[in-house]
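Undergrad: Here's the letter readout for the chains.
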Amino acid sequence: MDEATSVTAPPERTDRSDRAARMADLLDAAKGGSEEALGQITAELSPMLWHVARAAGLGADDAEDVVQTAWERLLSHLADIRVPQALIGWLVVTTKHEAWRIRSSGRRQRPADQEWLTALPDHAAGTEEQIILDEQQRALWRAVGRLSAQCQELLRIVAFVPRPDYQSVSAALGMPVGSVGPTRGRCLQKIRVLLADELDGRRA
Amino acid sequence: MKSHDDAPDQQLDDLDFEILDGIRALFERVDPMPAGLPGRVRFALAMRGLESEVARLVTEEDPRLVGARGTERSRTVTFDSASLSIVIRIEENKNGSVRIDGWLAPPQPREIEMQTSDETLSVSSDDQGRFAFAEVPQGTARLVVVGTAARDQGAGGPSVVTPALVL
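Quick mapping for you: the protein sequence lines, in order, are chains A and B. Quick note on numbering: the first sequence equals residues 1 to 204 in my numbering. Quick note on numbering: the second sequence equals residues 1 to 167 in my numbering.
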């Protein structure tokens, strides 16, 4: 029968377009008033927004507030999101703006320092609190730490954006449409160099 | 002819993707989203109510005040929705921004947002339904009376959204 075409796990590529189609359906349903659909969208995209808010330098409580605010704003803008591809870009930009607003309101005195950067202990073995990473991951982590604050923020955001949405998000973040953008290109270029350096350094 | 716009990820190669995936995996471990956040978001959204009413513009008056030519201008705009009437008076400030005084009928305390292209300003109305935005940048904006869950005692209700206003 159609066993071969029915329930086999789809390859990753199909997975992605399935995901896009599913998001489009969920968005339509949410516009039509389905709280269930909206709930599924928030479950899927909240992690991305959390990282956008944290990358902007917010503390955990503020980051939660900002994510929640972004979703609340979406409610009154749902009708404006005409194509599903616009949804992720809209959410990322709204979260980033809201994070900036909170930062610049001086409500929190924490400066732009990236508190999470210090969250990782420097040595792999240690107390149970510490996060065990392999050598490759450690090198990547150190390379990230050597990036400018701007590149750290950008790469952290982009890393959480679903790949098919890179373009709309890069456009929404004010980077040129139709290319990865000079800033992102530069940041990726930099981390490649830093990563190679870290890996070399360990071997030496 | 294929332009750059057709191939947005042209410059990203496998190593780029590998690095981005690696960064994602690292941050997921080092600074994960609090597990309860999506649930809290969902709760907040349910409280707010997904359905919003669209308010209709009812009247718009533009009485240029005589005697203060060119320095003081105001207009009054009225909106109606199924659950609320909103009257706002828009006055030009000296610095070019506008001041907005508004009233809700029936009178009730609600959270009120002014959404401009750049930002969202937020105030609350008092028991008499009065609210004010002291300075709103000129441009296009719309007003949202934020929905409330409790519809007891006739107060509260779904979000009410006005059409865009040119301030």
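Some hints here could point you the wrong way.
Calculated from the model, a selection of chain B residues having no Cβ within reach of chain A, i.e. all distances over 12 Å [to be verified]:
(1) Asp-16
(2) Ile-23
(3) Pro-38
(4) Leu-45
(5) Arg-56
(6) Thr-76
(7) Val-77
(8) Glu-91
(9) Arg-99
(10) Asp-101
(11) Ala-105
(12) Gln-128
(13) Arg-130
(14) Gly-156
(15) Val-160
Partial list, computed: chain A residues near chain B (C-beta under 8 Å) [as the list claims (entries may be wrong)]:
(16) Gly-39
(17) Pro-47
(18) Gln-68
(19) Trp-141
(20) Cys-151
None of these hints come from the bench; they were simulated from the model. Backbone N, C-alpha and C fix where the C-beta goes; we use that ideal spot for every residue, glycine too.
Undergrad: Is the Cβ of Arg-99(B) more than 12 Å away from each Cβ in chain A?
TA: Given a closest Cβ separation of 21 Å, the condition holds.
Undergrad: Taking 12 Å as the cut and beta carbons as the points, is Thr-76(B) off the interface with chain A?
TA: holds, 24 Å
Undergrad: Would you settle whether the hint for Cys-151(A) is holds or violated, based on the nearest Cβ-Cβ distance to chain B being less than 8 Å?
TA: Cβ of Cys-151(A) sits 11 Å from chain B, so the hint is violated.
Undergrad: For Arg-130(B), is the shortest CB-to-CB distance to chain A above 12 Å, so the non-interface label stands?
TA: The claim holds: Arg-130(B) sits with its nearest Cβ about 22 Å from chain A, beyond 12 Å.
Undergrad: Does the no-contact call for Glu-91(B) survive, Cβ to all of chain A over 12 Å?
TA: Since the minimum Cβ distance to chain A is about 25 Å, Glu-91(B) lies beyond 12 Å and the statement holds.
Undergrad: Run the C-beta distances from Pro-38(B) to all of chain A and say if the shortest one exceeds 12 Å.
TA: Incorrect as stated: the minimum Cβ-Cβ distance to chain A is 5 Å, not above 12 Å.
Undergrad: Evaluate the condition: distance from the CB of Val-160(B) to the nearest CB of chain A exceeds 12 Å.
TA: violated, 10 Å
Undergrad: Could you let me know if the closest chain A CB is still more than 12 Å away from the CB of Gly-156(B)?
TA: At roughly 16 Å from the nearest Cβ of chain A, Gly-156(B) sits farther out than 12 Å, so the non-interface label holds.
Undergrad: With 12 Å as the threshold, tell me whether Asp-16(B) passes as away from chain A on beta-carbon distances.
TA: Per Cβ check, Asp-16(B) is inside 12 Å of chain A; nearest 5 Å; violated.
Undergrad: At 12 Å, judged by beta carbons, does Ile-23(B) keep clear of chain A as stated?
TA: violated, 4 Å
Undergrad: Is Val-77(B) truly not at the interface, in the sense that its beta carbon sits beyond 12 Å from all beta carbons of chain A?
TA: holds, 19 Å
Undergrad: For Asp-101(B), is the shortest CB-to-CB distance to chain A above 12 Å, so the non-interface label stands?
TA: holds, 22 Å
Hint check: violations occur at hints 1, 2, 3, 4, 15 and 20; the rest are consistent with the structure.
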